[in-house]
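Residue numbers for the sequence shown follow the numbering used here, so the first one is 4 and each next one is one higher.
Read the hints as simulated data drawn from the structure, not as lab findings.
Positions of the beta carbon are idealized from the N, C-alpha and C atoms, including for glycine.
Check the hints yourself; a few may be wrong.
In silico DMTMM-like links for lysine to aspartate or glutamate, alpha-carbon gap of 20 Å or less [what the hints assert, rightly or not]:
#1 171 to 211
#2 334 to 323
#3 80 to 31
#4 241 to 210
#5 206 to 242
#6 352 to 377
#7 98 to 309
#8 182 to 347
#9 276 to 335
#10 87 to 341
#11 385 to 263
#12 98 to 272
#13 43 to 60
#14 334 to 324
#15 43 to 309
#16 276 to 263
#17 321 to 309
#18 241 to 263
Across the chosen pairs, the derived CB separations fall in these ranges [to be verified]:
#19 241 to 328: 57 to 63 Å
#20 278 to 183: 50 to 56 Å
#21 312 to 65: 22 to 28 Å
#22 7 to 83: 40 to 46 Å
#23 64 to 328: 22 to 28 Å
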Amino acid sequence: LSVNFPKDLMSFCNAPFSSKIPSFPYAETITSYYRDYVNKVGFEKEGYIQYNSRVTECFQNNNDHDNGNYWTVKTNKGDIYRTKRVLVCTGHYRKAFAPSIVGIRHFINSNSGNNNNDDDGKERENQRRIIHSSAFGSVHRFVGRRVLIIGGGISGSDIAHHLGRDGKCQRIVVSVRNKRIKEKMLLSRSIKLGGVRVRPGVKNIDEDGNVHFVPGNTQNGFDKDNNNTAASECIYNKEQFDDIIVATGYRYWYPFLTSELRAQIMSNDAGYKLQQLYLRMIYVHAPSLVFFGITNVNLPASIAIEYQTCLYAQLVQKGEDTKLCPEMMRKEVASRYDDTSQDDLGPGKFPAYIGSLARVMSSLSSGRQQPKIDGYWMHLLKYRLPLLCTSLWVQRQYSVFGYMMLVPGMLLAILASFVYALYH
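Whole structure, please, built from the sequences with the hints as guidance.
Spelled out as C-alpha cells, the structure:
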C-alpha cells in the first residue's frame, strides 16, 4: 500500500523527504524515513528508546507524601520509573474495531471442507476468512475470491481500489450504511475501475453463510426505484462471499491506565472517544498526563503532532504546564460539547485547531521580539508548498500538471490565510 497524502506534507519540518522520492511513496519508504529520523536525532544512541518493553501499569501517587504527585510506570521487564509527566504517544490506531453483525458466526461455521492449511502452508481456496483492514496484507491473498469490504471510509476505499486494480478478484463489494458525499468521493475511483460495486449496510448473515443487505432507499443514498433490474436485485438479494474485510476503524485503548482513570478519560468502555482533554491533548484533572496524536482526519497528522509537541515543550520549558488554569481548560473542553465524532477534524476543523495551538504558543512567547507562530495556512505556504514545488520540478513528469494545480491552490490558500487573519 502507498500513502494517500503527498510526502512533502507528511514530513517533519526539520527533516524533509528527498525530492527524488515519489509524491505518494510506499509503506517501506515511510518506515525508512522514520528510522532515519530516529538515527538523526540520536534517540537510540542516547538510550531514550527501549525496544520490546511494554508498559503494564501507570498510576499517579496522589497519596504518597514521599513521591508527591509523581507517576509510577511499570513495564513487562520489571522496570519501574517514577516521573513528573507521562506522555502517551500511541495514537488512535490502537484497537481494531468490528461492528456487531447478526449471524456473523455462521460465516465461519459454514466453511466447506477442512479448514486446516495445506502441507505447503497455503490457505485452502474454499476457506472463508474475516479480517480487519489492519491485517489486509497483500492483494495476492484475494486472487479469484469474492470479497466483501464493510466500510467505505479511507481504509475501505483504499483497499477496494487496490483489489480492483491488482487483486484479480472474482467479485468486490463495498458495504456502506449511508452513501453520503464522503463515501461517493472516496469510492469513485474504485467504481470507475470496474468490478467494484457499492451496497447498503449488512443486515445479517444466515445459517448458510449468505450475506443479506439492508434494502436500499433514497434516505441512505441508494435509489429504491432503480430501473436497472440487475442492480436492484443485487441490492435486495443475498450474496455469497469468501472473504469479509472489516474496515470500520479503531478504538482508543489504554490497558496500562487504572480502571478509574480510563473511566474518566474514555467516553465508554468501547473507547470510541476521549474526553476532558484540553486542546485535545492535556488531561484537565491531571495536566501532567498528555495524549499526543489522538485526533482523526488530520491534514496531515505530522503537522498536528509537531504543533502539539512544540506547544507542550514550551509549556514545560517555561514551567507553565503545572500552572494551567483548571477553569480555562474546562471552558475550552466545554466549547466542544457538541462534537460527537471520534475527534474528527477534517478540512472544516483542522486549520482552526492548528490556529488555536499557534495562538497559545504565541501567547507563551515573552517579549516583543518573539516571532508570531504561524497558523495552518501560513505554515503550508512557508514550509510545505516550497517542498512540494521542488519535488514536482525534480520529477519532471509531474511538473506541468503539478504546477497547473498548484498555482490556483496557492492563490486560494493565500486568500484563506488573509481572511482567517482578518477575523482572528
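Return the numbers of the hints above that this structure violates; sort them in rising order. 1, 3, 7, 10, 11, 13, 18 and 20
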